[in-house]
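Trainee: Here is how the chains run, residue by residue.
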Amino acid sequence: MTRELLDALLSATEPTDTAWARLDQLVRRAVDAIGRSGNPPSADGQRWTASNLADLGQEFWASGSADKVVLAAKDDRHLRALVNTEVRHVAIGALRKSGRAALRDRLVDVLTKGDFVKDGAYWRLPAQASDITYQGSRRDLLEAAFGVPVDRLYVKETSKRETSFASREQFESMLRAVLERASAPVSLVELKEVAQRWLNLHPPYSGVSIDDDFASNDEPVGVSAEAAEYVDRIWERIGDDGCELLLFMDPKKNTSRDTAEVVGYGHDKVSRVIKATKEILREELQDLSRDEQAAILRYLKDRQRRRLLVQTEQADGALEEVESHDYAPE
Amino acid sequence: MTMHPNELDLLDHTTGEAFPGDAEVAAHVATCAQCAALVQAFATSDPMLDEQQPEVVYHRATPLTEALVAGSPQPAAGQLWRAEWDGLVQLLLVLAATDTTTETVPVIEAEAADDTCVEIDRALLGWRAALLAAEAATLPIRVLDLFLGMVDDEVVARVHRVADGEVGDGDPIVSPLDERWGHRVQIHENLAALAEATWVPHTAEPGLVDLLRSTWSRPKLLADDLGITPGQATAILAGERPLNDDQRREVGHRLGREIGPAAPPDDVVWAIDHPTLRPSWRAKARRAGRQDSPAFRWETYSNSNFALAARTTGGLSNRERLLAMVKQVLDDGA
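Chains as they are written, first to last, in my numbering: chain B, 1049 to 1378; chain P, 100 to 433.
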């Protein structure tokens, strides 16, 4: 356990102290590792470049992360690990803000429920052969996608978030057009790139479904069969209100005030529902392992997220109908 | 569960850099296909950052810089500290302090805060932090490592109010599955471990010095029986010098029972643990090629003749005398 660098950093009192340059060397290495591995991906959806990697390093320093890791480290080895983790947090934070993960979730949802066939990491139309994957250019796919108009792109302003949705029919039409043009299975990654361009998601898309590591599972993963039986009962006991709040349990995304505004409840109701939900979850899950508890909550969130998407699309459809009546040309 | 090396270590391993733990990483990569694949990816890619490295100028938050320069004060309410003990690190706010203990609440990242937290001014530490009012803990002052600054009296008052039920600055934790819940459990465990922090072995006998004094009424008698100098015997009977293993065996033989090492007197412990001596402990450990650990402190105490050093610090109160004595021992050879 050496702590030579850590001690130098703890006693660095001048802005130009050489200890900072030594810490920066670690930061640059951690940043370079992200660039080389491509994991996590760049927030703008493009390949990492020297320029946006340099920005990532700058963000580390600008966010006060340097002192955060120095004060938390117990020795030089721990410091390296903390630097690596913090740099990745900064990169993942930017990715989450971009909403690219949300788009992927929605894409998977539309593909899964639509008339599409999954072959590993690739998707195709039912009539297409599955043996040779698409090797053509993205430009061709984009042309096909842009042939499907996005009639209405709803942007809902709330306190801190924007949400934009194309209807499910529009999404499916776009994917069908793209796959027809490809005449072969196309990877989900490629479809996501095309969908993002198609939706012209600028400023960055930001929805409620922004967990990067989320899988749309029909059944909870990592949960015993016995524990899985709890899920439906919990779902019923929590009720609609509790389910609505399930998505707002992440401190990195919301404050209680945001929650009240976004779900359209008064603050008192939010507090009351949160309290009741907390009691139910505690009661139902107290005998399960922590891993099983986490898996069930992930599943419940995913279930609510999918329900929310459907509800939003239905609401958008209804709104469109009303607006077409009100503002239809004479 | 296999712990994979982090990406930074794997990249340095790929490019042949030396770093702490490099041998362990090499051994892991040799047996882990997943990490070997990442190493291969690193090996077949070029550095993506410009080689030209601008000079790093980092402006640490001014209050933090000033606190680090000022050194460690006597612990008091409103102070932010970095606590460190035996490989455990935790940032804290002191709510109240005695000579030997502090009432504290932990400092956490604001992102992990819930409705029992009070967010503090970002300007203090340079990053968004919060005080977890619901996790107050009484900790020995020996865990205090670095003074980090002060918060306003109002912040301390608000922490008390939030601890009493006022709604804090974060979102409530509505589920035991909330990510912050696990964080809270970890903080709780850290504080519990810090509360137990000590360098005195559990086998130490608190009443041994009194027992020695009642058996050997004069230092000369003890000196004769143990074959040591009267000065050494005086220090032992004053509780300022512990018995070594041979002496313990001899004393045990004469008392007819096995005895553990003598627990140091409270004032000696107080002096050894004083936060102002942290830098001296760390420096002494570094000179010895060691870490400032509980074992190092016990060894240092066991092998030091505090009584001898005390002769040069006459005219001070017992605690001040002991503090100066310990500092002298620690700085010896610096």
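It should be emphasised that the hints constitute simulated quantities derived from the structure, not laboratory data.
Careful: at least some of the hints might be erroneous.
[Claimed, not checked] Among the chain B residues that face chain P by a calculated CB cut under 7 Å, a handful are:
1) Pro-1088
2) Pro-1089
3) Ala-1091
4) Arg-1095
5) Ser-1099
6) Leu-1119
7) Ala-1129
8) Arg-1281
[Stated by the list, open to error] Just a sample of chain B residues kept apart from chain P, beta carbon distances all over 10 Å, derived:
9) Leu-1074
10) Ala-1102
11) Asp-1124
12) Ala-1192
13) Gln-1218
14) Val-1237
15) Lys-1326
[What the hints assert, rightly or not] From the structure, some residues in chain B lie toward chain P, with a derived Cβ separation under 8 Å:
16) Ala-1078
17) Trp-1109
18) Arg-1125
19) Val-1131
20) Thr-1160
21) Lys-1161
22) Gly-1162
23) Val-1165
24) Thr-1181
25) Ile-1282
26) Arg-1285
Every residue, glycine too, gets a C-beta built ideally from N, C-alpha and C.
Trainee: All hints are to be evaluated individually against the structure, with a verdict given for each.
Mentor: Each hint tested on the structure:
1. A hinted interface residue such as B:Pro-1088 counts as satisfied when its beta carbon comes closer than 7 Å to some beta carbon of chain P; here the least separation is about 11 Å, so the hint is violated.
2. At about 14 Å, the closest approach between the beta carbon of B:Pro-1089 and any beta carbon in chain P exceeds 7 Å, and the interface hint on this residue is violated.
3. Because the closest C-beta pair between B:Ala-1091 and chain P is about 16 Å apart, greater than 7 Å, the hint is violated.
4. Interface restraint check: B:Arg-1095 against chain P, minimum CB-CB distance 9 Å, threshold 7 Å, status violated.
5. Of the supplied interface hints, the one on B:Ser-1099 is violated, with its beta-carbon coming no nearer than about 9 Å to a beta-carbon of chain P, more than 7 Å.
6. The interface hint given for B:Leu-1119 holds, since its Cβ lies 5 Å from the closest Cβ of chain P, which is under the 7 Å cut-off.
7. The beta carbon of B:Ala-1129 is positioned within 7 Å of a beta carbon in chain P (closest approach about 5 Å), and the interface hint is therefore held.
8. Using the Cβ-Cβ criterion of 7 Å, the hint placing B:Arg-1281 at the interface with chain P is not satisfied: the shortest such distance is roughly 16 Å.
9. Its beta-carbon lying about 7 Å from the closest one in chain P, B:Leu-1074 breaks the requirement of being farther than 10 Å from that chain.
10. A cut-off of 10 Å between C-beta atoms contradicts the statement that B:Ala-1102 is not in contact with chain P; the least separation is 7 Å.
11. Not every CB of chain P lies more than 10 Å from the CB of B:Asp-1124, the least distance being 5 Å, so the non-interface label is violated.
12. Residue placement check: B:Ala-1192 keeps its beta carbon more than 10 Å from all beta carbons of chain P (closest about 33 Å).
13. In this structure B:Gln-1218 is separated from chain P by more than 10 Å, as the shortest Cβ-Cβ distance comes to about 35 Å.
14. The beta carbon of B:Val-1237 is kept farther than 10 Å from every beta carbon of chain P, the shortest such distance being approximately 17 Å.
15. Its beta-carbon lying about 4 Å from the closest one in chain P, B:Lys-1326 breaks the requirement of being farther than 10 Å from that chain.
16. At its closest, the beta carbon of B:Ala-1078 sits 5 Å from a beta carbon of chain P; the interface hint therefore holds under the 8 Å criterion.
17. The interface hint given for B:Trp-1109 is met, as the beta carbon of that residue sits about 6 Å from the closest beta carbon of chain P, less than 8 Å.
18. Given hint, B:Arg-1125 at the interface with chain P, holds; its Cβ is 4 Å from that chain's nearest Cβ, closer than 8 Å.
19. Annotation: interface hint on B:Val-1131 holds; nearest CB of chain P at approximately 7 Å, less than 8 Å.
20. Hint on B:Thr-1160 is violated. Least Cβ distance to chain P is approximately 25 Å, over the 8 Å limit.
21. This hint is violated: B:Lys-1161 has a C-beta 27 Å from the nearest C-beta of chain P, more than the 8 Å allowed.
22. Because the closest C-beta pair between B:Gly-1162 and chain P is about 32 Å apart, greater than 8 Å, the hint is violated.
23. The interface hint given for B:Val-1165 is violated, since its Cβ lies 29 Å from the closest Cβ of chain P, which is over the 8 Å cut-off.
24. Because the smallest distance between the Cβ of B:Thr-1181 and any Cβ of chain P comes to about 22 Å, over 8 Å, the interface hint for this residue is violated.
25. For the restraint placing B:Ile-1282 at the interface with chain P, the shortest Cβ-Cβ distance is roughly 10 Å, beyond the 8 Å limit, so the hint is violated.
26. For B:Arg-1285, the interface hint is violated, the least distance from its beta-carbon to any beta-carbon of chain P being 13 Å, above 8 Å.
Of the numbered hints stated above, those contradicted by the structure are hints 1, 2, 3, 4, 5, 8, 9, 10, 11, 15, 20, 21, 22, 23, 24, 25, 26, listed in ascending order.
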